[in-house]
Each structure stands twice: as structure tokens, then as C-alpha cells.
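Chains as they are written, first to last, in this note's numbering: chain A, 1 to 446; chain B, 1 to 256.
For the record, the hints were derived by calculation from the structure and aren't laboratory data. For each residue, glycine too, the CB sits at the ideal point set by N, CA and C. One or more of the hints may lead you astray.
[Said to hold, decoys possible] Taking beta-carbon pairs under 8 Å as the criterion, some of the chain B residues facing chain A (in silico):
hint, residue
1, N76
2, D79
3, V117
4, Y126
5, N149
6, D157
7, N165
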Amino acid sequence: MNQSSSVYKIRIFLVLGALCLSSSVAVGSELIPVPEFTNHDVPITLPSNPDSPIWEWLNVGLLVIALSLASYLAIVSRSRRGLFALAVASLLWFGFARGGCVCAIGAVQNVTLGMFDSSYAIPWTVIAIFVLPLVYTLFFGRTFCAAVCPLGAIQEVVAVRPVRVPSWLDHSLGLVPYIYLGLAILYAATGTAFIICRYDPFVAMFRMSGNVNMLIFGGSILLLGVFIGRPYCRYLCPYGAILGVLSKGSKWHGRIAPETCIQCHLCENSCPYGAIATPTRPIHKSERVKARGRLAKSLLSVPVLIICGVLVGLLLKTPLSKLDADVRLAERIIQEDAGEVEGMTDASEAFRNTGQPTSALIERAIGQRELFGWLGMALGGWVGLVVGVKFVTLSIRRRRVDYEPDRARCVSCARCYWYCPGEHVRQGLVGDVSQLVSIETTGDPR
Amino acid sequence: MDTNSFDSGKQDRRRFMADALRTGGVVAMASAGGFLVGRRSEGEPMVWQLDPDRCTACGNCATHCVLDVSAVKCYNCFDMCGFCDVCTGYFEMNYKSLDTAAENQACPTGAIVRKFVEEKSGQRFYEYTIDEPICIGCAKCVEGCALMNGSLYLQIDHQKCLNCNECAIATACPTEAFYRIPQSQSEILKERAAAVYQARGSQTKRVIERDAEQTGTEIDQVKEAEANELLARAERQRVWRASQQKGSDSQEPSFQ
Chain A
1 MNQSSSVYKI
11 RIFLVLGALC
21 LSSSVAVGSE
31 LIPVPEFTNH
41 DVPITLPSNP
51 DSPIWEWLNV
61 GLLVIALSLA
71 SYLAIVSRSR
81 RGLFALAVAS
91 LLWFGFARGG
101 CVCAIGAVQN
111 VTLGMFDSSY
121 AIPWTVIAIF
131 VLPLVYTLFF
141 GRTFCAAVCP
151 LGAIQEVVAV
161 RPVRVPSWLD
171 HSLGLVPYIY
181 LGLAILYAAT
191 GTAFIICRYD
201 PFVAMFRMSG
211 NVNMLIFGGS
221 ILLLGVFIGR
231 PYCRYLCPYG
241 AILGVLSKGS
251 KWHGRIAPET
261 CIQCHLCENS
271 CPYGAIATPT
281 RPIHKSERVK
291 ARGRLAKSLL
301 SVPVLIICGV
311 LVGLLLKTPL
321 SKLDADVRLA
331 ERIIQEDAGE
341 VEGMTDASEA
351 FRNTGQPTSA
361 LIERAIGQRE
371 LFGWLGMALG
381 GWVGLVVGVK
391 FVTLSIRRRR
401 VDYEPDRARC
411 VSCARCYWYC
421 PGEHVRQGLV
431 GDVSQLVSIE
441 TTGDPR
Chain B
1 MDTNSFDSGK
11 QDRRRFMADA
21 LRTGGVVAMA
31 SAGGFLVGRR
41 SEGEPMVWQL
51 DPDRCTACGN
61 CATHCVLDVS
71 AVKCYNCFDM
81 CGFCDVCTGY
91 FEMNYKSLDT
101 AAENQACPTG
111 AIVRKFVEEK
121 SGQRFYEYTI
131 DEPICIGCAK
141 CVEGCALMNG
151 SLYLQIDHQK
161 CLNCNECAIA
171 TACPTEAFYR
181 IPQSQSEILK
191 ERAAAVYQAR
201 GSQTKRVIER
211 DAEQTGTEID
221 QVKEAEANEL
231 LARAERQRVW
241 RASQQKGSDS
251 QEPSFQ
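With the rest of the complex left out, here is chain A (with noise of 0.2 Å):
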């Protein structure tokens, strides 16, 4: 109020000053008009327009025709230089070229937003791009994550020591996509913010101009990426959640033996990824019984873990509120008011500037804090859900005779077919897998 105040008196001085001065002034007004010249036109302010969205559509059609290559290198052609030249591609232009925005990643936000704020009118683009990639992925597996996904493809570059990671925390740390899908959707349901673009690591780079946090966080996930496959693709992607639960389902997937698999186990230590599945060997009965037990167990672990979630989210009321604006504002008025803090933030002396009563904002606070009690439950619920999944899956015993990607994992890189002999036998490079395979099929592979 007393900001506002001085500011008054200063105009009026001001305005006062320059009547002074003027003698064309019309009394009584506020404000100083526009003279009348003699000779001179005022010129007209003229907004700045952008680009036809000709370009967007143009994008959309880019994303069609790399998808359907990059499904063909990986299925029909198994051709890991054709998928690297893409990838490569993909990168300059969506990435470098195009600003790395709006990705499909992002767009899970666009969509959420779309679904649940009425005024938000989603743009047909941005829908394209989010429903395309899924389209694919339910076909031909994560082939979108092969060669076209910009975020994936500077990861791929980078890829060159990749080390194993223990299965243990291979599987830990990939429940943490679906964890950041669940916060994703709840903070763009509420319209709060886009917390995948505001965590995007490689957009300041492709850009080549951001904050130097974000320039950090990209250079270290790269640098990550190097020793460990593509560490934000498999341990952050929210996107790669959705399209790894589609590719669990998909028509046709790159097979790792173009024939019969030899079980030479060469291919499995040729993915970064973890993502070849080996077989599985055959199990005593009573050990069959153990496993039996172990699934029911988890299957009945899966609503106790979702109530546990759901309690636990009673917990992020407070923590998960702290980014909506009117929040953050309102306990900052109120720290103010008490004298807890010094001086004003801008938000805070803008707010005080409007004259509003405080109360009318704390009320709306409150009402936001309410909002995400309940959807810190469904959250935690959520996870609950998630970790309960993990585990009945875990304890699913599949019969596998030989050695398959893992779809859910599988990023349709194509590494792994080079190392197959099935596939030097295919291009007619040598006559029989046993010229290439005499040595490593002497001992027994496991």
C-alpha cells in the first residue's frame, strides 16, 4: 500500500509538472493526450506475428515418415547403421534445428492439461505428436525411442563404455519414470507447471542457450550416458513409461537371431541397455511350488502397498503444494505479516500493490492445499500400485527357450543384431554360425 501510495504521489507530481510545461494539456484529464500534429502521422504500434503454423505441420510430418524408416531399419532392414544415421538426423533437426519443443515427451503434459482445463485448447500438433510414437510403439516397439526421439538420440551418440548396471538397481530405479509420469500428470492436471519441460536435460543444449542449472544437469546425464545406456531414457522418461508398458503388446518387434536362436549368448553382452532376456532354465517342482508362493504373496502385496501409498500421500499435502503460485504467495504474505521474514518478494509487493484482501488469497491457498491432499493420495496410490506390479512381475516365471529383448526395455537400437551369428549368416558373409561361434559354444554358455 505505501509503494502504491509514493508511486501515486510521485505521477501526480509529475503529471503536475509537465502541465506546467504544456499549455496543450487538456485540464481535467490524467493523462497527457496525444498532440495534434502538422505534418506527422502517428504511427501505429504493430504486433509481431508469428510463423504459419504451415511449420508445425510440417513436423508432424517429419515425425510420421522417421517413424515408419526407423520401424523399417529396425524390423524388416536390422540395419544399426541405418538407426544411428537416423538417430543422428532426428537430432538435428527436432533436437538442434526445431529447439527440441514441443516433444512427445512433453506433450504428455499438453494432453493432460487438454483433459482436465477446459479454456486450454490443445493444438492438433501437439496431439499428433503425442499419439503417433504410441501408434507405432503398439506395431513396432519402442522404435521411436531408436532413432527418432531427439532426447534419446543424444543419448545413443554418447553411448560408447556402456557398463552393466546390478539388476537390482536396474529394476529400482526403473519405477522412478512411472513415479515422475504420476507427478507429471498431477502437477499439468491442476495447470500448476510442466515439470518435464522445466527438468528437460538436453533442451539447453539443443538450444544451445538456457540457465546454467539446466546446462549442468544435461552435461552431467551426458556424461552419465557414456558409462551407463541412456540413463534419462531408462531411469527418468515418463514418456518411455507409457511407450514401454505398449511395446509390451506389440505386433512386431525386432527379433535379436533373424532365424533360429544358436543360444550363444553373444548378443547379451552386446546391449547397454539391459535389455535382452535370456532363458530361462527348467525348475524343479518343488522349487515351482516356492515360486507359485512367491506370486501369490506379491499378488497380495499389491493392495496392501497401494493403502500404505495412499497414507503415505497424506504426507505430500504441504510438500506437494509448495509450487503452486497462489500457495507459495500466500505463505509468504503471511510469513511477511508476521514479521517472519524481511522485505518483499516482487510477487508479494505486486500482490500489495493490487490492494486484495490477503484473506480472499489464503483461502484460495487453502483450497489449492485441499486439491493436492487428494492428489497426493491418488499418487501415492499410485506408486503403491507401481511397486506392487513390479513385484508380481518379478515373480511371474516365463518360459523362454532363448534369448529375446525384453520389450518393455528394448529400445530397438539394433546393437545387438551385428553380434548375433544367425545375422553375419543372413547377409551371406560366412556359410554356417558354426564358423563364427566354434570357440564360445565349447564350454556351456551359462
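With chain A held as given, fit chain B onto it using these hints.
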């Protein structure tokens, strides 16, 4: 034999599950897409824009944009400008003389161009234009001009803006002055600017119609198009403001 048939049965079950999942996925996506499309038929691209009426000239626009030089620029609405000699947007508060020397200018980059227009009844009038490439969107001039007419205001230059999915300035804006607007609308004006454009548009129209009647010639096409454009801009603003009022019951704080 027994194991084989067991295996193939398992395979069939697997395939059936996969088919079911796939069909379910396609149906879910189609219905979600249909829902979104039906919800908003005019799903045209959205662009970011800031509402100058809510702007407090805090300076975040200059520092928070993902671009090195912010996409937010200053604009001068000449129909609100007083063409003052002593411009509070142009000069530092403690200027030493009324000239274009750098130490007298409020703008840190000298992006405001001061040009003499004419002298009328002992008063000198100057026109202030923005040299846009140099402007960094710091709002120092906006702050100064707010003491007078407030004709200088910030707005996003769509030619520069990358149109990020989440605008970094929007998250830092203390008054939540950033909005996604349909691409065809392209600008948010000050309410007062919309009013003066409305006035100027209808005034121009009246004048050209009267002139055409008096001289018996055709209506000046260029001027009429210009007037129509101004009226259309004012009208777009009215529609947008109305939609904001409607969408924002008690949720949005009103900073008007």
C-alpha cells in the same frame, strides 16, 4: 509332445493378451483423441503472450528467458504516448540534461530512439521508437513510463520466441501475467490501448467516409483497411478479456 502343446497354448494365450492390449490401446487413444478434439474444435497452435496490464516491470523478463537475449521486447503504443520532451521512460530520474547522451538515458542499452517531431506553441515534441534488436526486455523504460501515460509496455516478440512448452519467464513472473493465446490473436493489448485503437479506427472510418462523400470519390481503400485492422485488434482484445473473465471465476487473482 505334451510340453509342446503346453507351450503353444501358452504362446496363444500370450498372443491373445497382446492383441487385446493392442486393441485396447488403439481404442483408448482414439477415444482420448476424440474427446480432446470434440472438446476444443479450434485446436489452433497456441503462443505465449504477456498481459501488459498485469506487468509490474520487475525485470524478470530480461533474465529468465531461455534465450540469451530475451524474446520479450518493449513496444510503444503511440496512440497513448504524449510525445513528451521530458519523457520519464526515456530519461533517468536524475538526468543532467535533456539530450541523447548515454548517462541521461534510462535504457541500459540505448534501445530507445528519440526523434524530434515538431515545436508547437513553445513546446517541443519527440517521438520515441524502440530499436528492437537492442532491447533486452528489462522494463526500465516501462517502469518510468508508468509514472505518466504508460504507453511503453512489454510484449513477447513472436519472431524471437521459441514458444517453449513451459515458458521460463512465466514461471518466474510474480503476477502470473503470461498466457497461452491462440496464434491468430498474436497479441494482448493494454485495455486502454484497445480503447484508443477502437477510437482511432472508428474516427478514421468516419473521416474517410465523409471525405469520400464530400469529394464524390471512391473511399480510400488503404486507409479503410488500416482502420478495419485497428477495429479488429480492439475487438479481438474484447473477446479475449471476456473469455478471461469467464474462465477465471474466483481462481485467478485479478491484477487489473
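The hints, checked one at a time:
At a threshold of 8 Å, the smallest CB-CB gap from N76 (chain B) to chain A is about 6 Å, leaving the interface hint in force. The interface hint given for D79 (chain B) holds, since its Cβ lies 6 Å from the closest Cβ of chain A, which is under the 8 Å cut-off. For V117 (chain B), the suggested interface contact is upheld, since its CB lies about 5 Å from the closest CB of chain A, less than 8 Å. Because the beta carbon of Y126 (chain B) sits about 10 Å from the nearest beta carbon in chain A, more than 8 Å, this interface hint is broken.
Because the beta carbon of N149 (chain B) sits about 5 Å from the nearest beta carbon in chain A, less than 8 Å, this interface hint is met. Satisfaction of the interface hint for D157 (chain B) is found here, the shortest Cβ-Cβ separation to chain A being roughly 5 Å, below the 8 Å cut-off. With its C-beta approaching chain A no nearer than about 4 Å, N165 (chain B) sits inside the 8 Å limit, and its interface hint holds.
Of the numbered hints stated above, the single one contradicted by the structure is hint 4.
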